[in-house]
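The residues making up each chain are set out below.
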Amino acid sequence: MTAHVQPTPILGPAAEPQEIDLAELDHSLRRPRTLFSYCLSVLCSILALVAAVPLVSVLLMLVVRGGKRLNLALLTQLPPAAGMVGGGIGNAIVGTLLVIFVGGVLSIVIGVFAGVYLAEINREGALGGLVRFCARLLTGLPSILAGVFAYTTVVLWTGRFSPLAGGIALSLLMLPTIILTTEESVRSVGAEMREAAIGMGATQTQMIWQILLPTALPGILTGILLALARGAGETAPLLFTLTFSDFWLKGHLMEPTASLAVLIYNFSKSPFQNQKEIAWAASLVLVLIVLALTLGGQALSLRARRMMGAPR
Amino acid sequence: MTAIESTSPREVIQPGDVGRAPSAREVTIDRWFRWATRILAGFSALLVVLVVLLVAKQAWPAIEKFGPGFVTSTKWDAGKNQFGILPEIFGTVVSSITGVALAAVFGVAVAVFLTEEFIPRWLENVLKNVITLLAAIPSVVYGLWGIFVVIPAIRPACNWLHERLGWIPAFSTPLVSVGMAPAALVLAIMILPTVAAISRDAIAAVDPLVRQAAIGMGATPWETILGVTLPMSKRGIYGSIVLGLGRALGETMALAMLVGNVNIMSPSFFSPADTLAALLANKFPEAASHLDLGALMYAALVLLLLTLVVNIVGELIMRKDIAGGSGMRKDIAGGSGRDRGPKRLGTLSRRHDEEVLE
Chain A
6 MTAHVQPTPI LGPAAEPQEI DLAELDHSLR RPRTLFSYCL SVLCSILALV
56 AAVPLVSVLL MLVVRGGKRL NLALLTQLPP AAGMVGGGIG NAIVGTLLVI
106 FVGGVLSIVI GVFAGVYLAE INREGALGGL VRFCARLLTG LPSILAGVFA
156 YTTVVLWTGR FSPLAGGIAL SLLMLPTIIL TTEESVRSVG AEMREAAIGM
206 GATQTQMIWQ ILLPTALPGI LTGILLALAR GAGETAPLLF TLTFSDFWLK
256 GHLMEPTASL AVLIYNFSKS PFQNQKEIAW AASLVLVLIV LALTLGGQAL
306 SLRARRMMGA PR
Chain B
2 MTAIESTSPR EVIQPGDVGR APSAREVTID RWFRWATRIL AGFSALLVVL
52 VVLLVAKQAW PAIEKFGPGF VTSTKWDAGK NQFGILPEIF GTVVSSITGV
102 ALAAVFGVAV AVFLTEEFIP RWLENVLKNV ITLLAAIPSV VYGLWGIFVV
152 IPAIRPACNW LHERLGWIPA FSTPLVSVGM APAALVLAIM ILPTVAAISR
202 DAIAAVDPLV RQAAIGMGAT PWETILGVTL PMSKRGIYGS IVLGLGRALG
252 ETMALAMLVG NVNIMSPSFF SPADTLAALL ANKFPEAASH LDLGALMYAA
302 LVLLLLTLVV NIVGELIMRK DIAGGSGMRK DIAGGSGRDR GPKRLGTLSR
352 RHDEEVLE
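Line by line, the protein sequences are chains A and B. Position one of the first sequence corresponds to residue 6 (the working numbering), numbered consecutively onward. Position one of the second sequence corresponds to residue 2 (the working numbering), numbered consecutively onward.
Hints listed in this document are in silico derivations from the structure and should not be mistaken for laboratory results. Heads up, the beta-carbon is just placed ideally off N, CA and C, and yes, glycines get one too. Errors might be hidden in some of the hints.
Stated by the list, open to error - Which chain B residues stay away from chain A? Per the calculated CB distances, all over 12 Å, these: (1) GLY70; (2) THR73; (3) SER173; (4) THR253.
To be verified - Not the full set, but computed from the structure, chain B residues with beta-carbon under 10 Å of chain A: (5) ASP31; (6) ILE40; (7) VAL106; (8) VAL113; (9) ALA136; (10) ALA154; (11) ILE155; (12) GLU252; (13) PRO286; (14) ALA301.
Isolated chain A, as found in the complex:
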């Protein structure tokens, strides 16, 4: 089965007629080309499905082993000492929430201002570009180095481990996400809204606070929630800024404090069955907190996209 094809001359003399084997175009598995393609499709699908196995396994283990101990006592009691039975992770939950709060406040204030600067004040300038580049570099900062940084500044300066130091370490990790998502959301507000505000005599500041930020709020909140989710799961920076405590927080911000992540790390090395079970239950609680923040962020960003009406 062959056909003669006369290529259309675009420039220059007409080319020689070429012979094309039409059977080459036949998608039958007997043809090596098609077979090769089919095999690669199968291989690729297998690789993709194998990649999903770990997630299923992690979730299954969390539900099975963590769910076993998930009850009110777990959420309200103090961690058990070695060899003891019972106990819970109450102080670690409080500690985790406190550190995320401290880190969140710091990084939201700095991050939203810096994001507004990149989106509005200095859209294309050199300093804006530098800030953007540095923010992107910070997203790749190893979390343990954020801990080292907070240790060298806050812990050595105040002389003690504290939620303040932990929060500063986490804020370093949350900051880039907030800067970059704030910039993106503020930029995506329509030009006609800016022009209308300026046209009515608003200053740039009034336009930002009264028009841009309220409009971009869902997008900004998405970024904040994703950043908090990342912060909640971080362990390494807390090892040298927060350490651990077996007791409830005494109500001031300057003492070693428990956190879920460090509790999981400590108990994972424990030889005692009870502590291992608690580590799994704490993992489940931690993953639930992180997932709630992540899913909340995604729901908001979906809404933001609909509100903006922009196809993405």
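Take the given structure of chain A and dock chain B to it, following the hints.
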């Protein structure tokens, strides 16, 4: 500052409040606010420099004492004041490269799988969310999972390899419990979402018309993928792998829990080892003397410079690529300032694609 609470612009605008020039007070506030954003933006850029400088300052006593020999010495003995991090550098590089190689193979396969219409759209969305979930699970949970699931699961296979193929240096020791193999495997799972998400965005950004042209000329799907789609998105894929490498180098908790934290340099994958980040996590709480701490800070500085270089290279690769800021990468890596032009082009042509198909 309170204006942000009023969600509707209508509430804050009073008659007589608009259509006039800003008052002197408003101009002053405007100037102050702009300075405030500039200062805080500059501060965030300064943070990168500050981190390097402060860690370097703490490391200075150790740098003065040990000099460059620190990175080539293999001893770490706080009692004798002997410090060296060659085994840790070796472990970091081996675990990262193994992990990234695995993650690259699987990650690019997932990216192709998600973009080439192998599966219905709804399943594609489910898988995309699954990968985002994979990225959201904290590293300490992966470590716990590695201890209780991965190690028991791979131990028989590893020991079988050791018994049969023990003459190969990579299999020359048995896997007792923790070691390089489980660490690298869990590391691969942890960076797979990064690689998959960025590669997916890069592949999705290839103009569908080019793909259709290849199909129209009689190419099979995989001839199109290997000959057209992947070459056109290779910059984004390379970028994703380099950024994944940056993550892998700095990953701490899962490795500290799985790699064994033993200061040895073995060619065997099944032997315990150590990485820079794991060294910091383990030794920091027990660092007693000033010099001890200095040595750890020196190790932190080496890790910092290593990851900074890798991340700068990754950013420079990505910067010129069209796949900067679309959907999945934002969900995982957290935002992107580059949402102009190319992405919109991508979405437009994708919609165009759907119209053509209908």
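Checked hints:
| no. | hint | result |
| --- | --- | --- |
| 1 | GLY70 | 22 Å, holds |
| 2 | THR73 | 22 Å, holds |
| 3 | SER173 | 27 Å, holds |
| 4 | THR253 | 4 Å, violated |
| 5 | ASP31 | 4 Å, holds |
| 6 | ILE40 | 8 Å, holds |
| 7 | VAL106 | 7 Å, holds |
| 8 | VAL113 | 6 Å, holds |
| 9 | ALA136 | 9 Å, holds |
| 10 | ALA154 | 9 Å, holds |
| 11 | ILE155 | 12 Å, violated |
| 12 | GLU252 | 7 Å, holds |
| 13 | PRO286 | 7 Å, holds |
| 14 | ALA301 | 5 Å, holds |
Checked against the numbered hints listed earlier, the structure breaks hints 4, 11; every other hint is satisfied.
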